[in-house]
Each structure stands twice: as structure tokens, then as C-alpha cells.
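If you're matching them up, the sequences are chains Y and D in order. The numbers in the numbering used here rise by one with no breaks, and the one at position 257 of the first sequence is 257. Count along the second sequence starting at 1, add 1000, and that's the number in the numbering used here.
By construction, these hints were calculated from the structure, which means they are not laboratory data.
Simulated coverage check for chain Y against chain D, where a stretch passes if three residues somewhere in it have a Cβ under 8 Å from a Cβ of chain D:
no., segment
1, 134 to 143
2, 150 to 156
3, 253 to 266
4, 302 to 311
In this text, all values refer to a predicted model and were calculated from it rather than measured experimentally. Where a beta carbon is used, it is the ideal one built from N, C-alpha and C, also for glycine.
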Amino acid sequence: MTVEATLEAPTDTRRAARFSGEALTAMGLFALSAGMVAASPLISPALGSWSQIYTILLLVSFLLVISFGQGLVILTGGLDLSVGSVMMLGGVLTTTWIGGDSATFWGVMPVVLAFGAGIGALNGIGVAMVGIPPFIMTMGVGIVTASLALGYTGGTTLGAAPPPLLLLMKGDILGAPSVIVFVLLFCLVAWTLQSRTTFGRKVYAIGSSRRAARIAGVPIVSTTILVYATSGLCATLSGAMLVGYSNGATLRMGDPYLLPSIAAVVVGGSSILGGSGNFVNTICGALFLATLESLIAASGLGQGWRTILSGLIIVGALLVQSGWISGVFASVARRVRGAGG
Amino acid sequence: MSLVPNESLPGTRPSRALFANGALMAGVFYVVLYGVYAAYDPGALSLATFTDLMNNAAPLALAAAGQTIVVLTRGFDLSLAGTISIVSVFMAVFPMEDAGGGAASFAACLAIGGAIGAVSGLLVAFRGIQSIAATLGVMIVCQGIALLILNAPGGAVAEWVSYEMTDVVFGFAPASGLVVLAFALAWLLLRKTDLGLSLYAIGADEGAAGLSGVPVARRRFWAYVLAGACYGAAGFMLSAQTATGDPNAGMPFLLLSFASVALGGTSLTGGQGGVVGSLIGACVLMLMQKVLFAAGVSSFYIGASQGALLILAILFGRLVSRAASSGDAK
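Please work from the sequences and hints to get the whole structure.
This is the structure:
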């Protein structure tokens, strides 16, 4: 019997039971996002147009790329707090090593991406081989990375965005914005990797039960390192995309994406403990967050209220997951029925 | 794992016991580092410099003390950053003068911290939400509240607080150092109580603690409340030192609190260690910053050295505990 078969047997039944819940969450989030876009002209007449949807999709593109890596790490039961710093490093290296020169782009961009993946792999080594708690390891590596990037630039970012990246973020392919085509392709590849390959299956196995995975012969150390390397790669890629979008790198440019990357995964319904989740759900979570963000920005609420709201959304999603909300509903329903009868 | 908190692992050889005692190790490290600092800066041995160092270290030390309480129960508390930020803006927006006002502010800071800790504790202990996730949400909400109170750095802390809490009292002791000492003593008392013992028991083996009659959820809840009160005190000492408010004041303390805990010899997987080690660990970290500045290291790289020290401290702690456990097996 192969490892595949032993892993398949238990996951299949659970997947069937989970499917409806996961799909419901995804559809619910999507419907909420669509509803918010439809209702947005009520808040500001400037909204609700195709250009608002385009802006949301553009903002979602960075978040999606970074959340895929974060989602894989969370699937193993970890957390990657270095993505913000790695994203900034990706941006800084893109502008300083490549700059406005399109000739060197295709040669150097892979090196930059590999650099980011290498930092991710370092996280994975600390977590899987040394046994350092994931969020401590990634927080430490994140601080070191940010500090080295700051020191490397001397506090001011130099250089410009490479033309191919400008084309990617601002150009068109076959009449459609090229960034949207790119992100659709990215999502397809990411979904396939997570849900349709043995690598993805191993990641799920590690997240549901490390011991069971070890017994089933899943190579835990190398898989974990690969997961963190993928997260580093995604963060670097999204840093490069942000350079194309804002035509340059800025210090701390990755920080605003760290918490949303976690929120997108958790709001999408993946367990923060690992072992369950789906990239489609993360996509819907990211869409929901970006739509909400664009509405709040238009509503003129201050930064304080926006921050409070995003924190409450995370806490709310966790309470829903822990069964509290449904428990409250159930007990209210019981009480109502009890009072009626 | 025994229920009694052994910070010194009896039965091991003296040399091994020295390495296994995190507080002692951190203390030795501090003295050595102070010697290095004195070599760079001959004024380092004066009372004024020591008072400066203590003023710098006190906020982090108290924050790390709170973090230790949560880490002992096998949790991680990110709400620390939010609590310190709220307290920082509270102190700057609502200054209360004189000794009475100072005492009232201190009590208010403890209460704010305890209340935020109660929210985290409710989510973690009674709703069973993973500590990192729950306290992350709480932290973000707190950051937002801090921004509502004061949307940019500014305001002025009461002069009584910013002068007296950073001054030398009785002619020889920095006031901030006495506050840290008071927290160390409070911890040594707490450790002997039922609550203190159950913190270790929950961290070592939650299931076994529950079976032997420890009310796990309730004790864990109080761990977060106590930790929150410590963050409140940390914010109070930070306000005394900076004399102004900052809605993002707490963020830099997050990593450093874990680094202090690890340096002080507390296991990040819970059940082993103590607050005293973390207090000294925090002093080591802040002293190291001074030494690096004195040695002419660019401020950009200070963060790199702190992150690296965090990971090294964990590696070292792991090696020591492995050596100690193989020693016990013999």
C-alpha cells in the first residue's frame, strides 16, 4: 500500500463533511463582498462602478499572493510573521539590483525571488529542525531581515521599478488588465499546488496530526522547510509587484500587509491550528477584507475605527470558528422554544 | 515534570545547575556586559548612568514579567503591544499631578491592563481560542482604541510622574529599579501560592493539572489578567521615561518581551522558568543596546542584533535543557 492511499482514507470522509461548511463560508463571503459593492453608492456616489471593482482587485492581488504562502504555513499549524519584512526586502532588492533596467530583469528577478525563498527556508529550518516555536522564529527573522534591509539602503530607498513590472501592474493583455490575468493564473497554480498535488496533501497531513504524518512516512522536515520557503517566495513576489504598482520601494512597505495576510486566511475559515482550509476560501476572505477596506476608506472613518474594526473581524471569525456564535444561536433558539411551549 | 517549580534543578552538578538556572545565567551575563560597557565608557559606573539604564530597562522588564506569566502556561500574549499603547496615550491625555495623582494613574494603568487581560483570558481560557490568534485580535483592537484617544504622538505626562519615577530615591536607589524589584518580590510571593503553582502545572501538562484538581480555565484566565496588569505597569514606567504619549508605543516591545523571556531562561513551551530571569533578561537586552551604540554600531543594525540574540538565547536554552535532562537520566 502506498503512502497516498493511507493518507487518502481518513481525509476523504472528513472532506465530505467539511465541504459544505467550507463552500458555504466561501459563498457567503463572496456574496457579502458583492453586496457591499452593490450597496456602496449609498455611502459615496463615486463608488459602485467598474473602476471601484478594478481598484479592489488590484489591492487584492498583493494580498492574495502573500496570503497563499501564509495560508500554507498556517495549514501546518504555524504562523509566518516575517512576510512583511521579506516583502520589503523583495521591493528593496528589486529596485536596487534591477532598477529601471529591463535588460537585467529576467536574469536578476529569479535571484531576488530565490533570496526571499532562502529567508523563508531559514524560518523552516529553525521551526522544523531546531524546534523553535514558528511565530518566535519568524518574528526574529523578520526583525533581522527588516533591520538588514534598512541598513543596506542606509534609510533611503533608491532606484526605480523595472519596466516589465510596470507593464505587469499597469498594462493590458488582450484588452484585460494584465495584473488580473496574472493573479488569476497565480491562483490557479496555487490552488493546484495546495489541493491537487502530493506536496499539498503532505502539508494537510502535517497540519492535522504531526505524529500520524510521521508514522505515514511524510517527510516532515523537508516539507515544512518547503512550505516556509514558498511563503518567503510569495512575500518577495508581492513586494516586487508592489514596486511595479507604486513605481519604487518604500521602507516598511510590507508592514500593512502582515496582519491582513493572516486575517484573509482566518476569515476564510481555515483553522488557525492547522490541518484544514482551502485556498478558494482564502481568496474569498481576501476579497471580503479588501472590499470592506475600500468601503471604510470611502466612509471617512478615522484610522482608529478602521483598526478597531479589523481587529473585531478577526476576533469575530475566531469566535465563529470556535462554535461560540452557533452555540449562542442554539441556546437562544432553545430558550425561545422553551418559552413558547 | 514535577509540580514544584524548580528553577535550579536539584541533583545536578553545581556547574550544570548554574547553566540551568536562567536568572543566574542572565545575571552573570549582565555583569560581564556591564564590564564591557565600562571599558568603552568610564562614566558607566556612576549612579547617574546606572539610573539611566534602569529607567530604560524598567518598561521592558515589566512587560517581559507579564509575558512570562502567560508563557509559563504555554501561551503567547500579543495584546502586550496594545495595552502599552493605550496606557501610553492615557497617561499623556489624562495627566494627574502630585503624589496622589501619580498613585491614581498607576492604579488606573493596572486596571486598564487587567481589563484588557481579562478579555484575552476570556477568549483563550473559556472559549479555547489559540492564544496567539485571540491576543492578536485583542492587540489590533487596542491599537485602534489608542489611535482614537490620541491619533499622533504628543501630549504631556504629569510632571510628578516623569520626574519622580526616573529619579534617585533615598540618595542611592533609582526609583525605576525599586519598582522592578517590587515586581520581582511580588512574583516570588505569588509563586508560592496556589495560583503560582498551577501556572507551572498547566504549562507542564494541562491534562494532568486538570486531573489533579487544578481549575485550569479559571487559573489560566487569571494568568492573562495578571499579565495585563504588568503591561499596564510597563506602560506607566514608559510614560515616566518618555514624558509623552504615542499610540504605537507598544509595538517595539513585542519581540523584545519574548527575547527577554528566552534570555531569562523560561522555556517557550511553558512550565519552566520564572519572572526574575525575564526581568534580568530585559536589563541585559537594553544594556546591550547601549554597548552596541557605544561601540559605534549603526542604529539600523541594532534590530538585527536583537533578533539574532533572541534566536541564540532559545538555541542556548534548548542545549542546556537537553544537557540537563541527559544528566538526569544517568
